[in-house]
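Visitor: Please model the complete structure; the sequences and the hints are all you need to start from.
The numbering used here puts the first residue of the first sequence at 402, with every later residue one more than the last.
Don't read these hints as lab results, they were simulated from the structure. Hints may be right or wrong, so weigh each one.
Claimed, not checked - Restraint ranges, calculated between C-beta atoms of paired labels, are given here:
#, residue 1, residue 2, range
1, D459, E815, 55 to 61 Å
2, E455, S788, 54 to 60 Å
3, S747, E837, 39 to 45 Å
4, G469, K712, 25 to 31 Å
Quick caveat, the model's predicted, so the values are computed rather than measured. We put the beta carbon where it would ideally sit given N, CA and C, even for glycine.
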Amino acid sequence: MSDKIITTRFAPSPTGFMHIGNLRTALYSYLLSKSQGGKFILRIEDTDQERHVEGAEDVIIDTLKMTGIDYDEGPGVGGEHGPYIQSQRLPIYKEYAEKLIASGHAYYCFCTPERLESLKDDKGIGGYDGHCRDLSPEEVKKNLEAGIPYVIRQKMPLTGTTSYVDHVYGEVTIDNSELRDQIMIKADGYPTYNFCHVIDDYLMGVTHVVRGNEYLTSTPKYCLLYDAFGWERPEYVHLPLLMGKDAEGNVSKLSKRHGAVSFQDLVKDGYLPEAIVNYIALLGWCPKDTNEEFFTMDELKKAFSMEGLSKSPAVFDYEKLKWFNSEYIKKLPAEVFAERAVPILSEVCADYINKEKLAELVHTRISAFCEIKDMVRFVTERLDMDSSLYTNKKNKTTPENCKEVLVDCLPILEGAESWDNDTLFTLLKEYAASKEKKAGAVMWAIRIAVARQGITPGGATELMEVFGKEETISRIKQAIEEL
RNA sequence: GGCCCGUUGGUCAAGCGGUUAAGACACCGGCCUCUCACGCCGGUAACACCAGUUCGAUUCUGGUACGGGUCACCA
402 MSDKIITTRF APSPTGFMHI GNLRTALYSY LLSKSQGGKF ILRIEDTDQE RHVEGAEDVI
462 IDTLKMTGID YDEGPGVGGE HGPYIQSQRL PIYKEYAEKL IASGHAYYCF CTPERLESLK
522 DDKGIGGYDG HCRDLSPEEV KKNLEAGIPY VIRQKMPLTG TTSYVDHVYG EVTIDNSELR
582 DQIMIKADGY PTYNFCHVID DYLMGVTHVV RGNEYLTSTP KYCLLYDAFG WERPEYVHLP
642 LLMGKDAEGN VSKLSKRHGA VSFQDLVKDG YLPEAIVNYI ALLGWCPKDT NEEFFTMDEL
702 KKAFSMEGLS KSPAVFDYEK LKWFNSEYIK KLPAEVFAER AVPILSEVCA DYINKEKLAE
762 LVHTRISAFC EIKDMVRFVT ERLDMDSSLY TNKKNKTTPE NCKEVLVDCL PILEGAESWD
822 NDTLFTLLKE YAASKEKKAG AVMWAIRIAV ARQGITPGGA TELMEVFGKE ETISRIKQAI
882 EEL
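Guide: This is the structure in structure tokens:
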């Protein structure tokens, strides 16, 4: 343990989209440092030339901005340990790799890709056999001068074990014989993740490495690297994986086949960043001494601790995300909700539709903004009428008595002085009383006539307010015709 | 296949030797009500299995089963 301030980092590779599992890793890494007043760094790991995606780092930066995960050092904000983009740090890796060669912890390997391929078994499993491990200095020199392509490999101990203590999983011990002589510097001169992340973490003063548990068994290799340099090893916090469930009910690492898995997909579907963050914070972590489920980022910073981290993988549940989102949507003040909903409604609704009122009706009925258009289809078009909708047992309505109600109410509505929910409701209630009918029966007839759909967001009078007088009357007339 | 990790209701999960084994989502009832939704009230449902340690195991140990991860010139 050191008494340095806690420094964590998020080190994604720029793939062009932010996987929700990566976002959760970023969140936990951020929370670990911020829960203890520490520092958080963003570093871009773009050492894979082939997978390079243009503009991909903007996606990362935008996501962090939208979720409120702010970094103290990194691209755009600078810092004393820059640059924070690995492709701009190549000379550093070269220098440290050479140090390791000099100290006997690494070596040049001239094996061809074909030879490496031949080492694999029928399942594609099989690692390097150490062919170039003991090349004489003369051979190395000769090959180098001949311009033979080479990589630099880390020389692993052949015997013994390597252990470290993980904050989540406890002591992890691996036989050194399981460790392959992995590549540190590729033939194109770029370093591999296995090597450069160690160099950067050390140089950037990272005290706690937070990452997914797919690294659990390769971490001893990194420990050995720290040891070879004589550096103090960081603390490790490996996180349980995020899983998805497919149609057959099988679980596997969360991926595209499970649905929208990137932060931007979710945002596009109308999920609020706060809700997404709140939900994923609870996938693999649980606060101590409270059953509270709602957390703002500030509250998460206060509540977070590594003890609450879980060891077992968590299945991403869209239903619960929806629930969180609907809760966050319901908490939005009406004006704020309208600011977002009205433009969506305006895309599909005629001018005379009261979008503000419609937005109000839809507010408590959606779990994501993408559901709005579908929900108001009965407003944007006149659906085919199914006269059986007029039949309702509880209110004792039938197509016949509904027609009677519609015919009676038409002149009443045409004579309405103003057109708002309260007025209309009073008017219809008075009519019901005068005919000794249940208000519900009157409302049912009108609601079906106007909406032409059984289930609607809002009641008869609310819908009439949405449609406005002219459209309402027109729809009622049509309904009478059809009956 | 070798190695590593994990296993509490359908899902997220609390629990850290003695509990009627929390809570949330989903689901099912009921109330409210101008349909639905919201809100409120209630309900169904779990310690993978087998040994061992112990007066006593969901909690500790070992094994089995199942699930996952990893063995790349990807991160």
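Visitor: State for each hint whether it applies.
Guide: Each hint, compared with the structure:
The hinted window of 55 to 61 Å between D459 and E815 holds, with their beta carbons roughly 57 Å apart. One distance hint, 54 to 60 Å for the beta-carbon pair E455 and S788, holds here, with the actual separation near 58 Å. In this structure, S747 and E837 meet the distance hint of 39 to 45 Å, their C-beta atoms being roughly 43 Å apart. Checked against the given bound of 25 to 31 Å, the beta carbons of G469 and K712, roughly 27 Å apart, stay inside it.
In the structure shown, no violation is registered for any of the earlier numbered hints.
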